[in-house]
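So the chains spell out like this:
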Amino acid sequence: MNGMHIGEVSTLLGISADTLRYYEKIQLVPTIARTGAGIRVYVERDLSRLRFIKRAQKMQFSLREIAALLKMREDPQHARDEVRLLTGNKLDEIEERLQDLQVLRNELRLLLNLCSASKDGCPIIERIDSKEC
Amino acid sequence: MSRPPIQIEVFSSPGCDRCGRASELLREIMHELPSDRIQWREVDVVEELDYAVKLGVLSMPSIAIDGELVFKSQPSMKELRETLEARLQTGDA
Numbered sequence: 002m003n004g005m006h007i008g009e010v011s012t013l014l015g016i017s018a019d020t021l022r023y024y025e026k027i028q029l030v031p032t033i034a035r036t037g038a039g040i041r042v043y044v045e046r047d048l049s050r051l052r053f054i055k056r057a058q059k060m061q062f063s064l065r066e067i068a069a070l071l072k073m074r075e076d077p078q079h080a081r082d083e084v085r086l087l088t089g090n091k092l093d094e095i096e097e098r099l100q101d102l103q104v105l106r107n108e109l110r111l112l113l114n115l116c117s118a119s120k121d122g123c124p125i126i127e128r129i130d131s132k133e134c
Numbered sequence: 006m007s008r009p010p011i012q013i014e015v016f017s018s019p020g021c022d023r024c025g026r027a028s029e030l031l032r033e034i035m036h037e038l039p040s041d042r043i044q045w046r047e048v049d050v051v052e053e054l055d056y057a058v059k060l061g062v063l064s065m066p067s068i069a070i071d072g073e074l075v076f077k078s079q080p081s082m083k084e085l086r087e088t089l090e091a092r093l094q095t096g097d098a
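If you read the sequences in order, they're chains U and D. Each residue of the first sequence is one higher than the last, beginning at 2 in this note's numbering. Each residue of the second sequence is one higher than the last, beginning at 6 in this note's numbering.
Simulated from the structure, these hints should not be mistaken for lab results. Note that this is a predicted model, so its numbers are computed, not measured. Incorrect hints may have been included.
Stated by the list, open to error - For the chain D half of the interface with chain U, some residues (derived, Cβ under 8 Å), not all of them:
1. Ile11
2. Ile34
3. Leu38
4. Pro39
5. Ile43
6. Gln44
7. Gly61
8. Leu63
9. Val75
10. Thr88
As the list claims (entries may be wrong) - No farther apart than 20 Å at their CA atoms in a straight line, the calculated lysine to aspartate or glutamate pairs in the DMTMM-like style are these:
11. Lys83/D x Glu33/D
12. Lys55/U x Glu9/U
13. Lys26/U x Glu97/U
14. Lys77/D x Glu108/U
15. Lys59/D x Asp101/U
16. Lys59/D x Glu75/U
17. Lys72/U x Glu97/U
18. Lys55/U x Glu45/U
19. Lys59/U x Asp101/U
20. Lys72/U x Glu45/U
21. Lys55/U x Glu25/U
22. Lys91/U x Glu108/U
23. Lys59/D x Glu97/U
24. Lys77/D x Glu87/D
25. Lys59/D x Asp19/U
For each residue, glycine too, the CB sits at the ideal point set by N, CA and C.
All chains should be built: construct the whole structure from the sequences, respecting the hints.
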């Protein structure tokens, strides 16, 4: 059977084996297929789901929210209204976060360019720091 | 009714060697253009960091005209003059 064992998945995705088992226990991921000896075998579909969970957690979505989003992901056409609403709300959050990140990225770029344009090192950062004291 | 003057902003920073040249260019051009139609100021990006980022300023010197970032680096005298003349003509239309 093609697939990866829990240790390999843990290394690949940076999720501990305990956490992977926990996700299965709370049914965030469906029951993982087992070998005859009872060893879990993760297939690509499982990995895709786990990657989604990881991304959503980086956005600080709760496990409950992630579970709802996963339902939408599995069957978008038949998702319940509240799941669609949640998905829309989360999309809005992401758009807002992206805008914030873009501003922050531009600000950091500008600061770095200011530093490199100055022959005296980086007095700009020092001035900003001193203003915040 | 007379049009409001064109607002030019030269974004500079402490320690930026090239920024002085941008202001110098502007001063020279101002002698050739109607001074009552143009207003300008130097913007210290450290003092007005949020505003600079909002306009998209990423390097020094940059020049904004009427709140729009037009030059993202030092323009030549010719480029700057032509841009301002075009803006003044648009204002006359």
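Against the structure, the hints:
no.	hint	verdict
1	Ile11	violated (25 Å)
2	Ile34	violated (23 Å)
3	Leu38	violated (28 Å)
4	Pro39	violated (33 Å)
5	Ile43	violated (26 Å)
6	Gln44	violated (24 Å)
7	Gly61	holds (7 Å)
8	Leu63	holds (5 Å)
9	Val75	violated (17 Å)
10	Thr88	violated (23 Å)
11	Lys83/D x Glu33/D	holds (12 Å)
12	Lys55/U x Glu9/U	holds (16 Å)
13	Lys26/U x Glu97/U	violated (33 Å)
14	Lys77/D x Glu108/U	holds (15 Å)
15	Lys59/D x Asp101/U	holds (11 Å)
16	Lys59/D x Glu75/U	violated (39 Å)
17	Lys72/U x Glu97/U	violated (24 Å)
18	Lys55/U x Glu45/U	holds (15 Å)
19	Lys59/U x Asp101/U	holds (15 Å)
20	Lys72/U x Glu45/U	holds (18 Å)
21	Lys55/U x Glu25/U	holds (14 Å)
22	Lys91/U x Glu108/U	violated (25 Å)
23	Lys59/D x Glu97/U	holds (15 Å)
24	Lys77/D x Glu87/D	holds (16 Å)
25	Lys59/D x Asp19/U	violated (45 Å)
When the structure is compared with the earlier hints, violations turn up for hints 1, 2, 3, 4, 5, 6, 9, 10, 13, 16, 17, 22 and 25 and for no others.
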